[in-house]
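Undergrad: Once you've looked at the hints, dock chain B against the given chain A.
Sequence lines, in order, name chains A and B.
Just so we're aligned: the first sequence equals residues 1 to 373 in my numbering.
Just so we're aligned: the second sequence equals residues 1001 to 1373 in my numbering.
Hint data in this document are derived by calculation from the structure and do not stem from the laboratory.
There could be a bad hint or two in this list.
[Claimed, not checked] Where chain B lies over chain A, by a calculated footprint (3+ residues, C-beta under 8 Å): (1) 249-260; (2) 263-272; (3) 278-287.
[As the list claims (entries may be wrong)] Just so you have them, the derived chain A footprint on chain B, three or more residues with Cβ under 8 Å: (4) 1249-1261; (5) 1266-1274; (6) 1278-1288.
[Stated by the list, open to error] Sample of chain A residues facing chain B (criterion: CB under 10 Å; computed from the structure): (7) A128; (8) V129; (9) I275.
Ideal placement from N, C-alpha and C gives every residue a C-beta, glycine not left out.
Listed below, chain by chain, are the residues.
Protein chains: 2
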Amino acid sequence: MTEDELDALIMLAHLGEPGDQVLGSYVRKRGPVAAVQAIKARKSGLRDGAGLYARLRLADPAAAREKCGRIGAQIITRGTVDWPTQLDDLGDAAPFALWVQGVAGLRLAALRSLAVVGARASTSYGEAVCRDWCATFADTGWTVASGGAYGIDAAAHRGTLSASGVTVCVLAGGVDVAYPKAHEALIARIADEGVVVSESPPGEGVRRHRFLSRNRIIAALTRATVVIEASVRSGTTSTANAAMQLNRYVLAVPGPVTSPMSAGCHNLIREQGAILASCPEDVLEVLGPLSASIPRVGSDPQLWEVPHKVTDDLSAREMRVLDAFPGRGEVSLNQLVCDAGLGPMDVAAALGILDTGGFVKPNGMSWTRAGRA
Amino acid sequence: MTEDELDALIMLAHLGEPGDQVLGSYVRKRGPVAAVQAIKARKSGLRDGAGLYARLRLADPAAAREKCGRIGAQIITRGTVDWPTQLDDLGDAAPFALWVQGVAGLRLAALRSLAVVGARASTSYGEAVCRDWCATFADTGWTVASGGAYGIDAAAHRGTLSASGVTVCVLAGGVDVAYPKAHEALIARIADEGVVVSESPPGEGVRRHRFLSRNRIIAALTRATVVIEASVRSGTTSTANAAMQLNRYVLAVPGPVTSPMSAGCHNLIREQGAILASCPEDVLEVLGPLSASIPRVGSDPQLWEVPHKVTDDLSAREMRVLDAFPGRGEVSLNQLVCDAGLGPMDVAAALGILDTGGFVKPNGMSWTRAGRA
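Next comes chain A alone, as it looks inside the complex (with noise of 0.2 Å):
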């Protein structure tokens, strides 16, 4: 990834909207770096639908790590070693960077999450479950993702907190503009205990339509999407569905037929085909093993016991170390730095994540393949 391209996709998260897939399709074809000289030289052919143009004066790549810097934030972009793969399944609707703001890498909390989402008008019950169950997610070694709404999604992230786990908050807005005005203060204790992360730049605002975008993030982000309670329209059979058509889990909570806070998650299962979770364990049972790879889009649901090829989920990095270990036996550090081809700090890193999923393992001060691998 060259700075030349790293500037135009950070150009090209200013100018598209959340999810715009014609413009999405238009820089796969293209390359970023030569659809964002297009769009500037006005040469691209996309209709200025979404404010293309009008946004081309605000869009400075140095300005906008400028601006990062200010607020504490990093962006990580499509194609480099910390981007979450399995956004790359929205296909032309992945965002091109993220911003991130927090104590957790985003790849790595990410590949061990669950989405636990609901109703912002929920009741007692579905609270005291969201918070129950998250403590436990959160004691197993899962991330759990939500939204930072009222409700459902913030007895999700202060679950999760109350265990001492590692929750991610997936804004609607800039990384810098807490929503609601009221979690202010939770959205806080997120990024300084896990992650906040946002497609939109910093400062901007909430919109209505974000909000089903920044849905489509939550569950391409996790491994599956937990549904606590839900009325039966409602933003987070949004999300539901963008999980179902992600080939991701989604499993959903029953509660008393009498209560309308529960009729979404029921309609979830009678006519969706969401998986009924009575308890925390059917929860973790789906999940499998905090080291499996995500089901990918494109493989049969019916398949998904079936594992995939396990390192289709590893970057170009971590491929690179993996394959510089040998079939058997130690290697250390050192060898791996020569093997590899990397810097030092390059290939500590990628044993970090190759060792979080399973990949090796250390030995001492070597390291070893490990089950997966």
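TA: This is chain B only, laid out in the frame that chain A set:
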């Protein structure tokens, strides 16, 4: 059906333990008369596992009829016009005879019936849902069958009665043995306004295993089984399993995941393919029109939507009357009596069932074929 055959079936109902498939298979091969003769002569070759020979002394059709008269019950036997033919789906485990007490005709009531069953240790949530739904089922013309037990069963009967509906109570002991004792008044009221039925002769007490045999009758009599509340391992599950084996629909009502009394329902949905029912309409949708046929054993559950031959549920008498109808136009009762070669009372009774089933309809003093014929 000759007098000898009726007597033999009544004998067999006294001799066999409910659901005894060895005896059932023997009777199927020999016919009831020859089977009883062989048993009497100790030449059946059947093992005396269930007290077959000890009961011989006590089994006397004439005495049984006399006793029935005394307690105001009726005996109906296999192969007679009053027999609910869907019980034949039980194969060799089908009862030989049923004792019936009540105002409603069992055959007609059961043609348009569903089972509503559940935990004895029910919660107020389950009872409220049950009463409510059963009142709706009654309002829409459905008969509700259940087992007269504490908890959900009682709520099902009471909810149906509250809407002046017909309810069928299938007892594990004789029809004159109210069980549980505390439900004596309820069971008497059911006999007054609906039907109380048992495959055990009057005077027979309940025994543990007879609850399981009784459950298969509830499942077989009805078009679908709705489980309102159930713990994970419970007798209710046996009714649901019997219904599934019989190709009947099984629906389960979800509840709070924090309630052990909903855990069995959640299991049925999650593990066994029961349909989640969140409102009475969910059940009615599955039941189809009142006049539809019960999906029968041997049909592919995937093909339940495809109607089998619609006259499969009709008795020989009803078929004979239906066949006497002209292809088009009206026919008088007198003409039907002539053409069917049956007595006026037989024809009138058959017309009642054919009318209920949507095969024929009255038109002033005459009759015409209706939609399904």
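Undergrad: The structure should be examined with respect to each hint, and the outcome stated for every one.
TA: How the hints compare with the structure:
| no. | hint | in the structure |
| --- | --- | --- |
| 1 | 249-260 | holds (count 6) |
| 2 | 263-272 | holds (count 5) |
| 3 | 278-287 | holds (count 3) |
| 4 | 1249-1261 | holds (count 6) |
| 5 | 1266-1274 | holds (count 4) |
| 6 | 1278-1288 | holds (count 3) |
| 7 | A128 | holds (8 Å) |
| 8 | V129 | holds (6 Å) |
| 9 | I275 | holds (7 Å) |
Figure legend: structure checked against the earlier numbered hints; every hint is met.
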